[in-house]
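Okay, here's what each chain looks like letter by letter:
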Amino acid sequence: ETGVTQTPRHLVMGMTNKKSLKCEQHLGHNAMYWYKQSAKKPLELMFVYSLEERVENNSVPSRFSPECPNSSHLFLHLHTLQPEDSALYLCASSQATPAKNIQYFGAGTRLSVL
Amino acid sequence: GENVEQHPSTLSVQEGDSAVIKCTYSDSASNYFPWYKQELGKRPQLIIDIRSNVGEKKDQRIAVTLNKTAKHFSLHITETQPEDSAVYFCAALWGKLQFGAGTQVVVTP
Numbered sequence: 001e002t003g004v005t006q007t008p009r010h011l012v013m014g015m016t017n018k019k020s021l022k023c024e025q026h027l028g029h030n031a032m033y034w035y036k037q038s039a040k041k042p043l044e045l046m047f048v049y050s051l052e053e054r055v056e057n058n059s060v061p062s063r064f065s066p067e068c069p070n071s072s073h074l075f076l077h078l079h080t081l082q083p084e085d086s087a088l089y090l091c092a093s094s095q096a097t098p099a100k101n102i103q104y105f106g107a108g109t110r111l112s113v114l
Numbered sequence: 001g002e003n004v005e006q007h008p009s010t011l012s013v014q015e016g017d018s019a020v021i022k023c024t025y026s027d028s029a030s031n032y033f034p035w036y037k038q039e040l041g042k043r044p045q046l047i048i049d050i051r052s053n054v055g056e057k058k059d060q061r062i063a064v065t066l067n068k069t070a071k072h073f074s075l076h077i078t079e080t081q082p083e084d085s086a087v088y089f090c091a092a093l094w095g096k097l098q099f100g101a102g103t104q105v106v107v108t109p
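Just so you know, the protein sequences line up as chains A and B, in that order. Residues 1 to 114 (the numbering used here) are what the first sequence spells out, left to right. Residues 1 to 109 (the numbering used here) are what the second sequence spells out, left to right.
Since the hints were made in silico from the structure, they are not lab data. Take these hints with a grain of salt, some might be off.
[To be verified] Each computed DSSO-like pair below joins lysine-lysine, with the alpha-carbon atoms no more than 27 Å apart:
| hint | chain 1 | residue 1 | chain 2 | residue 2 |
| --- | --- | --- | --- | --- |
| 1 | B | 42 | B | 22 |
| 2 | B | 68 | A | 22 |
| 3 | B | 68 | A | 41 |
| 4 | A | 36 | A | 22 |
[Claimed, not checked] If you anchor each label on the Cβ, the simulated ranges turn out as follows:
| hint | chain 1 | residue 1 | chain 2 | residue 2 | range |
| --- | --- | --- | --- | --- | --- |
| 5 | A | 15 | B | 15 | 42 to 48 Å |
| 6 | A | 77 | B | 7 | 34 to 40 Å |
| 7 | A | 82 | B | 10 | 28 to 34 Å |
| 8 | A | 57 | B | 57 | 32 to 38 Å |
| 9 | A | 69 | B | 16 | 48 to 54 Å |
| 10 | A | 44 | B | 10 | 35 to 41 Å |
| 11 | B | 7 | A | 102 | 22 to 28 Å |
| 12 | B | 106 | A | 44 | 39 to 45 Å |
| 13 | A | 3 | B | 57 | 22 to 28 Å |
[To be verified] Away from chain B, derived, C-beta distances all over 12 Å, residues of chain A:
| hint | residue |
| --- | --- |
| 14 | 6 |
| 15 | 14 |
| 16 | 17 |
| 17 | 41 |
| 18 | 42 |
| 19 | 43 |
| 20 | 61 |
| 21 | 64 |
| 22 | 67 |
| 23 | 75 |
| 24 | 85 |
| 25 | 92 |
| 26 | 101 |
| 27 | 110 |
| 28 | 112 |
All residues carry an ideal CB built from backbone N, CA and C; glycine is no exception.
Could you build all of it, start to finish, from the sequences and the hints given here?
Set out below in structure tokens:
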């Protein structure tokens, strides 16, 4: 275990459902990230929270809505997703200091949109 | 923005041989270059990293080299073992981490 826990591990949802992905870190980090991993494509950075403030939003569709209530927890709220959103969603955490930007990943949530 | 290219996309090596994966980056201000290993169905795990003020770093059978002038860095795995089979990702940091597309390494006994 790397100290970054994601739930659920697997999720199947219809296009009209609303669901949330959860990430929790116990490493004392103050920056958290959501990545999307699709087959044979680079990891895509979706959102970055540093010191609980969203500092990066990489043109992600509004059907993905992040929430960071504190430095240990990160959520990704999902609404009216499309089949092409099926992927592995990875959460990561690190120190916000650029010199200490070693990122530790959670195990991911495998999302299937039907 | 930063762009990281990784080659090859797949690499098959005989057990005991060496494996080399190369990455190039576009932003000369990049200052941190981690490598992640992702086994099938598991999370990416940091295996080695290098900062821009260092040219080479070694950890047992794994080494990383950095050529800042040419803007490329490489992962070297010596004496490969079947447990080295995984997807390896390089990344470069300038403000945010940009990942390469990954290299599927298969080590055959």
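Next item on the list: Could you tell me which of the hints above the structure violates, numbers in ascending order?
Entry: 2, 10, 12, 14, 17, 18, 19, 25, 26, 27
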